[in-house]
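Residue numbers (the numbering used here), protein chains in the order written: chain Z, 1 to 290; chain F, 1 to 240.
DSS-like, lysine-lysine: derived pairs with alpha carbons at most 27 Å apart:
#1 Lys-34/Z / Lys-205/Z
#2 Lys-205/Z / Lys-220/F
#3 Lys-230/Z / Lys-220/F
#4 Lys-205/Z / Lys-250/Z
#5 Lys-24/Z / Lys-180/F
#6 Lys-220/F / Lys-34/Z
Hints are computed from structural coordinates only; laboratory data are not their basis.
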Amino acid sequence: MTATPTTPQAPGAVAPAVLLHPVKGKVIAVTSGKGGVGKTFVSANLAAALTRRGLKVLVLDADLGLANLDVVLNLYPKLTLHDVFTGKCELEDAIIKAPGGFSVLLAGSGLVEYSRLTPEVRDDFLRLMEDVVPRYDVVLLDTGAGISDVVLFALSLASEVLLVATPEPTSLTDAYATIKVLSTQQGRQHIRLLVNQSARLGDGKAITAQLQAVLNRFVGTVPGANAAAKSLPLVRLHHVGDIPSDQAVKDAVMRRQLLLLHTPGAPASVAIGQIAARIEETVIRADEAV
Amino acid sequence: MEMGALRFDKVDALLRQAGVALAPPSEVGDARYLQAVLDALCDLSSTDSLTGLMNRRAFLSVLEQELDRVTRGGEHALLLALDIDHFKRVNDRYGHPAGDHVLRVVTKRLREAVRPMDNVARIGGEEFAVLCPQCPPSFATAIAQRTRVAIESAPIELPEHGPITVTISVGGAFAQPWVKGNLSDWLARADQQLYRAKQEGRNCVRLEPYASADVSAEEKGLLFGWSATDEQVADHGQSA
Numbered sequence: 001m002t003a004t005p006t007t008p009q010a011p012g013a014v015a016p017a018v019l020l021h022p023v024k025g026k027v028i029a030v031t032s033g034k035g036g037v038g039k040t041f042v043s044a045n046l047a048a049a050l051t052r053r054g055l056k057v058l059v060l061d062a063d064l065g066l067a068n069l070d071v072v073l074n075l076y077p078k079l080t081l082h083d084v085f086t087g088k089c090e091l092e093d094a095i096i097k098a099p100g101g102f103s104v105l106l107a108g109s110g111l112v113e114y115s116r117l118t119p120e121v122r123d124d125f126l127r128l129m130e131d132v133v134p135r136y137d138v139v140l141l142d143t144g145a146g147i148s149d150v151v152l153f154a155l156s157l158a159s160e161v162l163l164v165a166t167p168e169p170t171s172l173t174d175a176y177a178t179i180k181v182l183s184t185q186q187g188r189q190h191i192r193l194l195v196n197q198s199a200r201l202g203d204g205k206a207i208t209a210q211l212q213a214v215l216n217r218f219v220g221t222v223p224g225a226n227a228a229a230k231s232l233p234l235v236r237l238h239h240v241g242d243i244p245s246d247q248a249v250k251d252a253v254m255r256r257q258l259l260l261l262h263t264p265g266a267p268a269s270v271a272i273g274q275i276a277a278r279i280e281e282t283v284i285r286a287d288e289a290v
Numbered sequence: 001m002e003m004g005a006l007r008f009d010k011v012d013a014l015l016r017q018a019g020v021a022l023a024p025p026s027e028v029g030d031a032r033y034l035q036a037v038l039d040a041l042c043d044l045s046s047t048d049s050l051t052g053l054m055n056r057r058a059f060l061s062v063l064e065q066e067l068d069r070v071t072r073g074g075e076h077a078l079l080l081a082l083d084i085d086h087f088k089r090v091n092d093r094y095g096h097p098a099g100d101h102v103l104r105v106v107t108k109r110l111r112e113a114v115r116p117m118d119n120v121a122r123i124g125g126e127e128f129a130v131l132c133p134q135c136p137p138s139f140a141t142a143i144a145q146r147t148r149v150a151i152e153s154a155p156i157e158l159p160e161h162g163p164i165t166v167t168i169s170v171g172g173a174f175a176q177p178w179v180k181g182n183l184s185d186w187l188a189r190a191d192q193q194l195y196r197a198k199q200e201g202r203n204c205v206r207l208e209p210y211a212s213a214d215v216s217a218e219e220k221g222l223l224f225g226w227s228a229t230d231e232q233v234a235d236h237g238q239s240a
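Could you put the whole structure together from the sequences, leaning on the hints where they help?
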């Protein structure tokens with residue numbers, strides 16, 4: 001990836017409605033515009049791939065109202081985030097090891113009251129993040145889909161947003177809407193895009209280019225440093241890779257196993273391994289080199 | 001407490017002058033009388049005597065409460081600063097009683113133009129303010145324009161001089177949900193927009209810019225290349 005552009009600011013930039021206040025540390029929010037595009041599948045398998053690369057990883061179930069990380073991982077712990085928030089147990093008791101070797105903190109059931117963004121939800125969640133993030137090399141936030149205030153709040157805490165989309169038109173439209181909201185309301189300038197269930201090689205690159213072109217036109221660009229310099233997009237998409245449409249994924253999901261454990265050699269598994277390598281290099285270890 | 005130790009002559013004079021009639025202690029008892037006096041004094045010190053609107057002091061305390069609510073509540077609040085255009089000319093040409101009349105008519109029209117839960121205040125000579133709680137930015141322009149149009153729509157009839165046209169300039173600023181705002185900053189931002197409205201010709205509304213995150217049909221169309229232009233294709237290559 002080329003060097004990231006210096007922070008572009010629109011002339012007379014608007015104060016963001018939801019301030020970006022990333023928790024100190026590496027937090028990657030995995031999100032999507034539309035539901036059912038494989039967010040949780042990506043979170044879990046990416047966590048496994050990053051763990052295999054020697055990183056200490058936590059996946060945090062941040063889809064507080066409609067969590068299903070437990071279903072994907074086939075884990076049913078006695079203690080969950082719900083018990084931490086309601087004071088029934090310590091944080092340590094609710095963090096468990098997932099099959100891929102990484103840690104997970106599951107939302108658990110009975111979190112209907114957390115599907116609305118109330119001051120308690122914000123406060124509980126913020127404290128939790130500040131407590132847990134420093135203990136890991138990277139924390140993946142498995143968020144809900146869409147642009148509800150709960151999702152936007154979770155995203156505002158993340159240092160990076162990994163947006164999952166499929167090539168379907170509805171998924172792309174909703175991905176575009178999410179990017180636009182993150183740019184205009186949170187002032188986010190970089191968003192990573194992962195294209196899941198891609199049918200052909202190069203799908204993801206073309207989709208990224210198309211989204212970027214429309215974003216440049218409607219969200220805007222700022223002029224370069226001088227007349228000769230290229231103008232910079234206000235929000236820039238970084239394509240992290242594609243996961244090809246793969247029968248092995250469907251099999252693993254139905255068996256509720258991690259793809260990386262179920263079919264390590266499947267094309268989708270290989271792709272996730274490559275994406276993990278790219279994310280480690282460009283996101284997790286990016287600052288260490290400086 | 002001994003009522004005899006308290007002096008009521010000043011309060012009595014003030015309340016009588018303000019037209020507030022209280023039942024005497026001999027009728028309602030000492031405690032209820034004292035409470036009524038306190039309430040009446042609070043009302044007086046928070047009301048603008050000319051227009052009956054909240055005065056600046058009372059308005060600031062309402063704003064402060066609203067900032068707290070917005071911080072907890074997740075819904076924008078809009079603060080409008082409104083100023084009668086060229087009000088000095090009215091006073092100079094027709095005299096102060098005419099100016100007072102204009103202030104009262106403007107008050108009445110503003111009250112009718114805003115939503116029931118909005119608070120109107122007179123915060124300076126010819127300067128008014130409106131606090132609109134729970135006002136998403138997408139609705140703000142409509143609300144602000146309604147106040148401007150309410151003043152412009154019909155001339156104000158001066159008792160001895162006939163009709164005159166009066167207009168107002170309106171500036172507006174938002175309190176952001178979940179963000180602990182600062183009262184003087186909010187007021188200053190609304191004032192800044194009012195200044196802009198004055199600079200840009202008066203009788204207009206200027207609100208803090210707000211970027212809409214809605215996705216238009218045109219954007220959707222472009223996403224799928226239904227109306228791809230050359231410019232877009234060129235851009236395509238650059239941003240890949």
